[in-house]
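Engineer: One letter stands for each residue in the lines below.
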Amino acid sequence: AQTVTQSQPEMSVQEAETVTLSCTYDTSESDYYLFWYKQPPSRQMILVIRQEAYKQQNATENRFSVNFQKAAKSFSLKISDSQLGDAAMYFCAYRGTSGTYKYIFGTGTRLKVLA
Amino acid sequence: GAVVSQHPSRVICKSGTSVKIECRSLDFQATTMFWYRQFPKKSLMLMATSNEGSKATYEQGVEKDKFLINHASLTLSTLTVTSAHPEDSSFYICSASFGDGSYEQYFGPGTRLTVT
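Chain order of the listed sequences is A and B.
Each residue of the first sequence is one higher than the one before, counting from 1 in the working numbering.
Each residue of the second sequence is one higher than the one before, counting from 1001 in the working numbering.
In isolation and in its complexed conformation, chain A is listed as follows (with noise of 0.2 Å):
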């Protein structure tokens, strides 16, 4: 079974400064997707960014980017120039290409900004 693991609880990152949210994943599959979510305060799930598995570069979105590392199953997210909004907590999620193409979310990462 897949499984998917952020170990730091919590992070904290001044404000302009970048700051890395870690995430390893375990699977058999050679096919799948990856995605961080933003969950603010409000606890809407917001989509940051996505990478499909079987592509090689690093997928960035605006601020945001993340270090795929497949052989090594890591898929970190980067924070370029901190803003006070991205204080959140920011989940690490896997989706397999074949079954019921459901979510494996990690524990969570809970991210402070600091002023």
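Derived from the structure by calculation, the hints contain no laboratory data.
Don't take each hint at face value.
[As the list claims (entries may be wrong)] One side of the interface only, derived from the structure: several residues of chain A facing chain B at Cβ under 10 Å:
1) Tyr32
2) Gln44
3) Ile46
4) Glu52
5) Met89
6) Tyr101
[What the hints assert, rightly or not] With the Cβ distance kept under 8 Å, some of the chain B side facing chain A (calculated, not the full set):
7) Thr1049
8) Tyr1103
9) Phe1107
[Claimed, not checked] Some chain B residues well away from chain A (every beta-carbon gap over 10 Å; in silico):
10) Lys1020
11) Arg1024
12) Glu1052
13) Gly1061
14) Ser1073
15) Thr1075
16) Ser1089
Source: prediction; values computed, not measured.
For every residue, glycine included, the Cβ atom is placed at its ideal position computed from N, Cα and C.
For chain A, the structure is supplied; the task is to place chain B on it using the hints.
Structural biologist: Relative to the frame of chain A, chain B by itself:
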């Protein structure tokens, strides 16, 4: 596009009563919908996956007779918590996907259920 709504956003009910939560895809047809439960400061726990017109598939440990899921149309799924008890108090989130191998889920804003 790809907006999912949930109703109600908050509900308080008495112990022993049943409560229904609706999940709607507003601008797309959702072949597959998912129901999650989230405890405070915890991750999302998948309860069940529902496909339009068929019975829901429940995750291990989720009581199907207690959490009734109906996916009667391509835009609506409902979760009914039957004979609710205080331990059922939680935040319930639904998501929807296009199906047909589409990989992304679109999440609703969630429903906070409090059972007194």
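Engineer: With reference to the structure, classify each hint as holding or not holding.
Structural biologist: Status of each hint after checking the structure:
1. Tyr32: 9 Å, holds
2. Gln44: Holds, about 5 Å.
3. Ile46: This hint holds: A/Ile46 lies near chain B, its Cβ roughly 8 Å from the closest one there, short of 10 Å.
4. Glu52: 8 Å, holds
5. Met89: 8 Å, holds
6. Tyr101: 7 Å, holds
7. Thr1049: B/Thr1049 check passes; min Cβ-Cβ to chain A is 5 Å, inside 8 Å.
8. Tyr1103: 5 Å, holds
9. Phe1107: Status holds, d = 4 Å.
10. Lys1020: About 20 Å separates B/Lys1020 from the closest Cβ of chain A, which puts it past 10 Å; holds.
11. Arg1024: 15 Å, holds
12. Glu1052: 14 Å, holds
13. Gly1061: Label holds. Min Cβ-Cβ 14 Å, cutoff 10 Å.
14. Ser1073: 20 Å, holds
15. Thr1075: 19 Å, holds
16. Ser1089: 15 Å, holds
Against the hints set out earlier in the document, no violation occurs for any number.
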